[in-house]
Amino acid sequence: MPRIILRVLLPILILLTSKAFALPIDWHGVFGVDSTLIDSYRRVKSVTDNSSSGNAGDGGTQEVPLASGNHANASWQSYIFRLNPVMIINDSATLKGEITSGYGRGGRLGDNSTQSQEAGFGNALYVQNTSDENDSVIINKVYAELYSDTATWVIGRHSSEWGLGVIQNAGNDTWDRHTFVRDGVTMKIKLGNFHIQPFWAKINSNGSLTRATKVKEYGISLLYDNPERDMSFGILFSKKQNGAFDGQQLTGINSAQPVGAASATTTAIGRTDVKLTDIYFRKAFGDLEIAFEVPILSGDLGFLYGNLTTPTKYKAKAIIFESKYKASESWTIGFDAGKVSGDAGGTSSFDAMYLNPNYQIANLLFRYNTRAVSNPNDPNAVNGKSVYDSYITNTMYARFGVKYTAEKWTWNTGFIWARAEETAKTGATAFNHQSNKAFDAVKAQSDDLGYEVDFGFEYQWNKEIQVGASLGYLFAGDYWSFTNDPNVTNSTQNSYAAQIRTSIDF
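In the working numbering, each number is its position in the sequence shown, counted from 1, plus 19.
By construction, these hints were calculated from the structure, which means they are not laboratory data. Any given hint could turn out to be false.
Computed list of lysine-lysine pairs in DSS-like fashion (alpha-carbon distance at most 30 Å, straight line) [said to hold, decoys possible]:
no.: 1; residue 1: Lys-207; residue 2: Lys-345
no.: 2; residue 1: Lys-258; residue 2: Lys-334
no.: 3; residue 1: Lys-258; residue 2: Lys-209
no.: 4; residue 1: Lys-444; residue 2: Lys-422
no.: 5; residue 1: Lys-207; residue 2: Lys-302
no.: 6; residue 1: Lys-345; residue 2: Lys-358
no.: 7; residue 1: Lys-302; residue 2: Lys-427
no.: 8; residue 1: Lys-334; residue 2: Lys-482
no.: 9; residue 1: Lys-221; residue 2: Lys-343
no.: 10; residue 1: Lys-235; residue 2: Lys-336
no.: 11; residue 1: Lys-258; residue 2: Lys-332
no.: 12; residue 1: Lys-258; residue 2: Lys-207
no.: 13; residue 1: Lys-235; residue 2: Lys-332
no.: 14; residue 1: Lys-462; residue 2: Lys-427
no.: 15; residue 1: Lys-332; residue 2: Lys-209
no.: 16; residue 1: Lys-336; residue 2: Lys-207
no.: 17; residue 1: Lys-302; residue 2: Lys-332
no.: 18; residue 1: Lys-294; residue 2: Lys-259
no.: 19; residue 1: Lys-209; residue 2: Lys-115
no.: 20; residue 1: Lys-233; residue 2: Lys-258
no.: 21; residue 1: Lys-334; residue 2: Lys-444
no.: 22; residue 1: Lys-343; residue 2: Lys-422
no.: 23; residue 1: Lys-358; residue 2: Lys-258
no.: 24; residue 1: Lys-115; residue 2: Lys-343
no.: 25; residue 1: Lys-302; residue 2: Lys-258
If you anchor each label on the Cβ, the simulated ranges turn out as follows [to be verified]:
no.: 26; residue 1: Lys-427; residue 2: Asn-109; range: 37 to 43 Å
no.: 27; residue 1: Thr-445; residue 2: Ile-157; range: 42 to 48 Å
no.: 28; residue 1: Asp-192; residue 2: Ser-510; range: 33 to 39 Å
no.: 29; residue 1: Ile-309; residue 2: Thr-169; range: 48 to 54 Å
Backbone N, C-alpha and C fix where the C-beta goes; we use that ideal spot for every residue, glycine too.
Please construct the entire structure, taking both the sequences and the accompanying hints into account.
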């Protein structure tokens, strides 16, 4: 019987395979490897871990936990890998996707070198290096583009990019670790210089398949883009709504957390109705180009602080400005500035804005989640499970940079200054933006985040291969020495990050 089945199925499989290979498939993607070193990643001089002692245990301290061995430096090697297949079905349809491995479009070298069989045979299999059989392939995107006379329809798991990429960022750059995901439908309409894109998406349906646990998003973007005048501007409006009983994915902050508690308690966030209004403008005046983006979050964020009768209002905003002046064919001068709101600790509203993790301004400041250094493999870590889960938030900053380009070389330098918008004040409730915890402040906190000097280069080996290195030296401000414990006083320690990398774009 097995032979009969094989004789029947084999010709069918061969026929189906030949049909599949008849469709043209273009394979594009990125592969890159880097090595990163962060000296004094905790940004304090102390070699004793006081991150959970005394009042610091209530979540207010800025001190980062020490890893095993009490080392002040961190180093790791990571890779980024993504495949972007494009399958042309016919003149009216194209299938596209993005396939990656691991969290953050890749992983770290050595992050999965222990297989389950070694758990009980660690000594016997010590010299055998194998990969973790539990690792899975991640599908970030898989969608169809359907072309008609009036519009292009994008259906499936796809991405979106708006403006400067401050909130919605598709992660198109080589070293972008994240991509904005939209599971749904986007309709792309072009009328002259106007681009209109209404959309609808189902963000989460894990709790159940009823309306009680749904999370959906819908909205529309309108962009005017005039290449002749080298100008574009537009507005994005979206609403994201959470079902009343969806508490598996989203939890809130309990403002009644006792001082000295080991961690913040949380409760289901419940029903939400959050609105995003994002304004974008870009204009070039000869060799000078300016752009700004203003995202505003409003609406109801659910029972964020444990009050099950009155939802918390969302009142967050950011103003991001970018400019560059092309002084010559080789020299470009840039100036960027931004104001990203923070939360003062009140319970009536949540005012902190977190920008997309792909949007960064420095080689060290805001770029890495140093709280993940001591435990980078915890999938349930409240502080983020990756060093790349880091966001620009609660800050006013300015950046001045110069770029020099010569044939295959590109050299970058930058100077960044930043201060915090909201800090802890003695006797008042405050909010820790790095750990997402509310706490009762018993000490005052400085707003000085410090300033940073950056340097880096990129060498275009050939059309596909690029080699680069970067260095960022942070003169850490006193903001990072805050402990919220009158018995513990920290002193800041300057920190630097150095990285070498190579990538292949194909």
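**Request:** Provide an ascending list of the numbers of those earlier hints which the structure does not satisfy.
**Result:** 1, 4, 8, 9, 14, 15, 17, 24 and 29
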